[in-house]
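Engineer: Please take these sequences and the hints and turn them into a complete structure.
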Amino acid sequence: MGKGLAWSESETIQLCLSWLEVSEDAVRGAGQKKSTFSSRLYSHWLENKRPEDKDPRTEVAIMGRWKKLQPEVTKFCG
33 MGKGLAWSES ETIQLCLSWL EVSEDAVRGA GQKKSTFSSR LYSHWLENKR
83 PEDKDPRTEV AIMGRWKKLQ PEVTKFCG
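Quick note: our numbering has the sequence shown finishing at residue 110, numbered continuously throughout.
Just to be clear, a hint being listed does not mean it is correct.
Said to hold, decoys possible - The calculated lysine-lysine pairs, modelled on PhoX-like cross-linking and capped at a C-alpha distance of 25 Å, are:
1. Lys81 x Lys100
2. Lys35 x Lys81
3. Lys100 x Lys35
4. Lys66 x Lys107
5. Lys66 x Lys81
6. Lys81 x Lys99
7. Lys65 x Lys100
8. Lys99 x Lys35
9. Lys107 x Lys65
10. Lys66 x Lys100
11. Lys66 x Lys99
12. Lys99 x Lys65
13. Lys81 x Lys65
Stated by the list, open to error - What follows is a list of derived Cβ distance ranges for each label pair:
14. Ser75 x Trp39: 28 to 38 Å
15. Val92 x Gln64: 28 to 38 Å
16. Lys107 x Pro83: 30 to 40 Å
17. Lys35 x Asp57: 23 to 33 Å
18. Thr68 x Ala93: 15 to 25 Å
19. Ser42 x Ser75: 12 to 22 Å
The hints are simulated quantities; they were obtained by calculation from the structure and are not laboratory data. All residues carry an ideal CB built from backbone N, CA and C; glycine is no exception.
Structural biologist: In C-alpha coordinates:
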(Lines of atoms letter the chains of each structure in order from A and count residues from 1; the text may use other names and numbers.)
(Lines give C-alpha, C1' and ligand atoms only; values in the text may rest on other atoms or scores of the structure.)
Protein backbone atom coordinates (compact mmCIF):
# COMPACT_ATOMS: atom_id res chain seq x y z
CA MET A 1 0.00 0.00 0.00
CA GLY A 2 1.40 3.41 -0.95
CA LYS A 3 1.51 6.59 1.01
CA GLY A 4 -1.61 8.72 1.19
CA LEU A 5 -1.95 12.43 0.59
CA ALA A 6 0.47 14.74 2.37
CA TRP A 7 -0.79 16.22 5.62
CA SER A 8 -1.45 19.95 5.61
CA GLU A 9 -0.22 22.14 8.44
CA SER A 10 -3.78 22.79 9.58
CA GLU A 11 -4.55 19.05 9.72
CA THR A 12 -1.44 18.45 11.82
CA ILE A 13 -2.25 21.32 14.17
CA GLN A 14 -5.81 20.06 14.59
CA LEU A 15 -4.51 16.58 15.36
CA CYS A 16 -2.36 18.02 18.17
CA LEU A 17 -5.28 20.08 19.48
CA SER A 18 -7.53 17.01 19.37
CA TRP A 19 -4.92 15.00 21.26
CA LEU A 20 -4.80 17.68 23.97
CA GLU A 21 -8.58 17.75 24.27
CA VAL A 22 -9.01 13.97 24.42
CA SER A 23 -6.00 13.24 26.64
CA GLU A 24 -6.87 15.94 29.17
CA ASP A 25 -10.51 14.91 29.53
CA ALA A 26 -11.01 15.04 33.31
CA VAL A 27 -13.80 12.46 33.20
CA ARG A 28 -12.04 9.78 31.16
CA GLY A 29 -8.44 10.84 31.83
CA ALA A 30 -5.35 8.74 31.37
CA GLY A 31 -7.18 5.49 32.11
CA GLN A 32 -8.63 5.23 28.61
CA LYS A 33 -8.02 2.06 26.63
CA LYS A 34 -6.00 2.55 23.46
CA SER A 35 -8.96 1.68 21.24
CA THR A 36 -11.23 4.13 23.08
CA PHE A 37 -8.60 6.85 22.94
CA SER A 38 -7.98 6.41 19.20
CA SER A 39 -11.71 6.42 18.43
CA ARG A 40 -12.24 9.58 20.47
CA LEU A 41 -9.18 11.25 18.91
CA TYR A 42 -10.42 10.41 15.41
CA SER A 43 -13.95 11.66 16.14
CA HIS A 44 -12.70 14.90 17.66
CA TRP A 45 -10.35 15.48 14.72
CA LEU A 46 -13.12 14.90 12.16
CA GLU A 47 -15.51 17.25 13.98
CA ASN A 48 -12.95 20.06 14.23
CA LYS A 49 -10.86 19.95 11.06
CA ARG A 50 -11.23 22.72 8.53
CA PRO A 51 -13.77 21.96 5.79
CA GLU A 52 -11.26 22.82 3.06
CA ASP A 53 -8.80 20.16 4.27
CA LYS A 54 -8.50 16.90 2.39
CA ASP A 55 -11.18 14.24 2.34
CA PRO A 56 -11.63 12.56 5.72
CA ARG A 57 -8.73 10.37 6.67
CA THR A 58 -9.19 6.98 8.28
CA GLU A 59 -8.68 6.30 11.96
CA VAL A 60 -5.62 4.24 10.97
CA ALA A 61 -4.17 7.25 9.11
CA ILE A 62 -4.80 9.52 12.09
CA MET A 63 -3.06 7.13 14.48
CA GLY A 64 -0.16 6.64 12.05
CA ARG A 65 0.36 10.39 11.86
CA TRP A 66 0.05 10.70 15.63
CA LYS A 67 2.68 7.98 16.12
CA LYS A 68 5.14 10.15 14.17
CA LEU A 69 4.20 13.36 15.99
CA GLN A 70 3.91 12.05 19.54
CA PRO A 71 7.62 12.12 20.52
CA GLU A 72 7.96 15.78 19.54
CA VAL A 73 4.66 16.82 21.09
CA THR A 74 5.53 15.00 24.31
CA LYS A 75 8.88 16.83 24.47
CA PHE A 76 7.14 20.15 23.92
CA CYS A 77 4.46 19.51 26.54
CA GLY A 78 7.10 18.47 29.07
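Engineer: Checked against the structure, which of the hints given earlier come out wrong?
Structural biologist: Those not satisfied are hints 14 and 15.
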